[in-house]
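Student: Spelled out, the chains give:
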Amino acid sequence: MATVKATPSLAAETEKRDGGGVLSRIGPTSRWYWVRKLLENPMAVVSGTILLLLVLSAIFAPLLAPADPTFLDPVKRLLPPSRSAWMGTDDVGRDIYSRVLYGGRVSIMIGVVVMLASAFLGTLLGMISGYYSSFDTVIMRTMDGLMAFPSILLAIAIMVALGSGAANVCLALVIVYTPAIARLVRSSTLVLKQQQYVESARSIGLRDRDILRRYIFPNALSPLIVQCTFVSAFAIIAEASLSFLGAGVNPETPTWGNMLRDGQRLIQRAWWPAIFPGTALVLLVLSLNLLGDALRDALDPRGRDR
Amino acid sequence: MTAYIVRRLVMLIPVLLIVGTIVFSLMHITPGDPAAVMLGQSAKPEQIEQLRDQMGLNEPLPKQFIEWFGGVLHLDFGESIFLGMPVTEAIKDRVEPTLLLTIYALFIQISIGIPAGIIAAVRRGKFIDRFLMIFSVSGAAIPTFFLGILLILFFSVNRRWLPSGGYVPIQEDPVAHFKAMLLPAFTLGFASAGLLARLVRSTMLDVMREDYIRTAFAKGSSERNVILRHALRNALIPAITIIGASVGALLGGATVTETVFTIPGMGRLVVQSIGRRDFPVIQGTVMFIAGTYVIVNLFVDILYVFIDPRVRYGDS
Numbered sequence: 001m002a003t004v005k006a007t008p009s010l011a012a013e014t015e016k017r018d019g020g021g022v023l024s025r026i027g028p029t030s031r032w033y034w035v036r037k038l039l040e041n042p043m044a045v046v047s048g049t050i051l052l053l054l055v056l057s058a059i060f061a062p063l064l065a066p067a068d069p070t071f072l073d074p075v076k077r078l079l080p081p082s083r084s085a086w087m088g089t090d091d092v093g094r095d096i097y098s099r100v101l102y103g104g105r106v107s108i109m110i111g112v113v114v115m116l117a118s119a120f121l122g123t124l125l126g127m128i129s130g131y132y133s134s135f136d137t138v139i140m141r142t143m144d145g146l147m148a149f150p151s152i153l154l155a156i157a158i159m160v161a162l163g164s165g166a167a168n169v170c171l172a173l174v175i176v177y178t179p180a181i182a183r184l185v186r187s188s189t190l191v192l193k194q195q196q197y198v199e200s201a202r203s204i205g206l207r208d209r210d211i212l213r214r215y216i217f218p219n220a221l222s223p224l225i226v227q228c229t230f231v232s233a234f235a236i237i238a239e240a241s242l243s244f245l246g247a248g249v250n251p252e253t254p255t256w257g258n259m260l261r262d263g264q265r266l267i268q269r270a271w272w273p274a275i276f277p278g279t280a281l282v283l284l285v286l287s288l289n290l291l292g293d294a295l296r297d298a299l300d301p302r303g304r305d306r
Numbered sequence: 001m002t003a004y005i006v007r008r009l010v011m012l013i014p015v016l017l018i019v020g021t022i023v024f025s026l027m028h029i030t031p032g033d034p035a036a037v038m039l040g041q042s043a044k045p046e047q048i049e050q051l052r053d054q055m056g057l058n059e060p061l062p063k064q065f066i067e068w069f070g071g072v073l074h075l076d077f078g079e080s081i082f083l084g085m086p087v088t089e090a091i092k093d094r095v096e097p098t099l100l101l102t103i104y105a106l107f108i109q110i111s112i113g114i115p116a117g118i119i120a121a122v123r124r125g126k127f128i129d130r131f132l133m134i135f136s137v138s139g140a141a142i143p144t145f146f147l148g149i150l151l152i153l154f155f156s157v158n159r160r161w162l163p164s165g166g167y168v169p170i171q172e173d174p175v176a177h178f179k180a181m182l183l184p185a186f187t188l189g190f191a192s193a194g195l196l197a198r199l200v201r202s203t204m205l206d207v208m209r210e211d212y213i214r215t216a217f218a219k220g221s222s223e224r225n226v227i228l229r230h231a232l233r234n235a236l237i238p239a240i241t242i243i244g245a246s247v248g249a250l251l252g253g254a255t256v257t258e259t260v261f262t263i264p265g266m267g268r269l270v271v272q273s274i275g276r277r278d279f280p281v282i283q284g285t286v287m288f289i290a291g292t293y294v295i296v297n298l299f300v301d302i303l304y305v306f307i308d309p310r311v312r313y314g315d316s
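The listed protein sequences correspond, in order, to chains Z and H. Taken in order, the first sequence gives residues 1 to 306; the numbers are from the working numbering. Taken in order, the second sequence gives residues 1 to 316; the numbers are from the working numbering.
Pulled out of the complex, with its shape left as it was, chain Z reads as follows (with noise of 0.2 Å):
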């Protein structure tokens, strides 16, 4: 596509702001254009920033961490924060600190699990049942009826059936999550299908194949992302929820709803075996949702004043 020259007084209150910078060439036309919007948002920024500082923490988990988060040590028993153990230690003797930053890991890689597959396999099925109408009404049935469940109960129930583990965590929440994602590319493809781009292409005998992924695909991306960003954090919190609950990972591995569960226990004695973990718990989440709103400003013109 040929770009565009911005106008003028765009073009020079972006001057302003970037000093003439690389962000100042991307113009409103441009593709790249949400980048630039993403960038100017203050709250996008730091959201990212604190979102980028969590993910890299529990990728270098195991450098941090002062102690090994498994390692139980009597004489340590539930020693409020200090220096040597910064969050203090649970019932256990465990390193609190230790156990916060191998928890994201489970946190972040089951959030990231979850929205990719769930991604997919709404995609697919979302473009199949809006592109072809005769597929329609059984997928779409189906999602409605996975949808009116409360989620966290449909998550019990198929943790129940299919026994504790991270594995079985994913498949659970892949099933609970996957019915938005598909409702809403449903949605997207039934009103690209209509637009003439897609028509022509199916005039001069496009595959319907390509023509789901080099026309609708592209073009339902952007609600998609926004989708995606906001489907990680409620499966961070339903992974959490479900720990907590006891129908989740194993009770032995540090995760952060684990954590909470043992936090709760102690209530009454001690208040850092439950503040740390929820605290990480909940500015993974908090920066997760803020970034999704920014994308959805960014990506979307028609939303801005919202």
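Treat the hints as calculated values from the structure; they're not laboratory data. A portion of the hints provided could be inaccurate.
[Claimed, not checked] Derived list of chain Z stretches under chain H, where covered just means 3 residues or more per stretch with a C-beta under 8 Å from a C-beta of chain H:
#1 141-150
#2 258-265
[What the hints assert, rightly or not] On the chain Z side, residues computed to face chain H include the following (Cβ under 7 Å):
#3 Ala240
#4 Ser241
#5 Leu245
#6 Trp271
#7 Asn289
[As the list claims (entries may be wrong)] Not everything, but these chain Z residues come out facing chain H in the computed CB check (under 8 Å):
#8 Leu153
#9 Ala157
#10 Val160
#11 Ala161
#12 Ile237
#13 Gly246
#14 Ala247
#15 Pro251
#16 Gln268
#17 Leu281
Ideal Cβ placement from N, Cα and C applies to all residues, glycine included.
Given the coordinates of chain Z, work out where chain H should sit on it, guided by the hints.
Tutor: Just chain H, lined up with the frame of chain Z:
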């Protein structure tokens, strides 16, 4: 109108059928024999065989489904071997706490969410707007169980103002009942209140741009009058959908909240059955809650037609 309501009632059947199929198939996606899973590793083969017979697992699958779903329609969810009673009995004992908790949480959602949304919209872009919206985003980011733990820590461990859990039936002692339910209801309603506030804010902003609002201002109505009589009424219509939809989130969230505050409701029944892998109880309770949610949403849809005369559902 009647035709519409009848049509919606008829549509309830396929929805419940699909929901039932999903719940029914849960037991059959278990790797291995559900009867063996339920009895644990120490079970003898004869015991497993006996339970299989009792649960009807030796019947052909379609027959099992028809029998189970037929029971569901009569609110008969089978037997729980662990509790030694019909699942329906177990649910009946635990409906009241969950129902009341959900209603109180709805009340909190509405009484915080709607005023907050209006204030944010009216003072748009001002400090109070930003503050309320940040509050509402955080509401969605704090998992219910962590909020519950924070409130317990603050209000019952540190200050001893409110109990940290338990349940008192309202007939027994209304004061103790409300004291015990205050923290759980707030915990459960807070996240949905944030969601509702955001929606009310954005619909209010849309409505304030309408011609009839300008007309109302032009004829000399006060700002207060315009907002309360003209704008709010119209802005609340979409809010009803969100409130209806959040009943599902609240019923699900009740599971977590009941566990945090040790309230003997349906959600806690489900959670207690996880470790025992008591399939009939879990299937029955999940089916009951999902069914309730489906019916609530049906009522909301019908209510919608009554409230908003602009929504005219045709017969097509």
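Student: Hints first: check each against the structure and report whether it holds.
Tutor: Hints, verified against the model:
1. 141-150: Answer holds; 8 residues pass the 8 Å Cβ test.
2. 258-265: holds (count 3)
3. Ala240: Since chain H brings a Cβ to about 6 Å from Z:Ala240, closer than 7 Å, the hint holds.
4. Ser241: With a minimum Cβ separation of about 5 Å from chain H (threshold 7 Å), the hint on Z:Ser241 holds.
5. Leu245: holds, 5 Å
6. Trp271: Result: holds, 6 Å to nearest chain H Cβ.
7. Asn289: holds, 5 Å
8. Leu153: holds, 5 Å
9. Ala157: holds, 5 Å
10. Val160: With a minimum Cβ separation of about 5 Å from chain H (threshold 8 Å), the hint on Z:Val160 holds.
11. Ala161: holds, 5 Å
12. Ile237: Hint holds; Z:Ile237 Cβ to chain H Cβ min 5 Å, cut 8 Å.
13. Gly246: With a closest approach of 6 Å, the Z:Gly246 hint holds.
14. Ala247: With a minimum Cβ separation of about 5 Å from chain H (threshold 8 Å), the hint on Z:Ala247 holds.
15. Pro251: violated, 11 Å
16. Gln268: holds, 6 Å
17. Leu281: holds, 6 Å
Comparing the model with each numbered hint stated earlier shows that hint 15 is the single one that does not hold.
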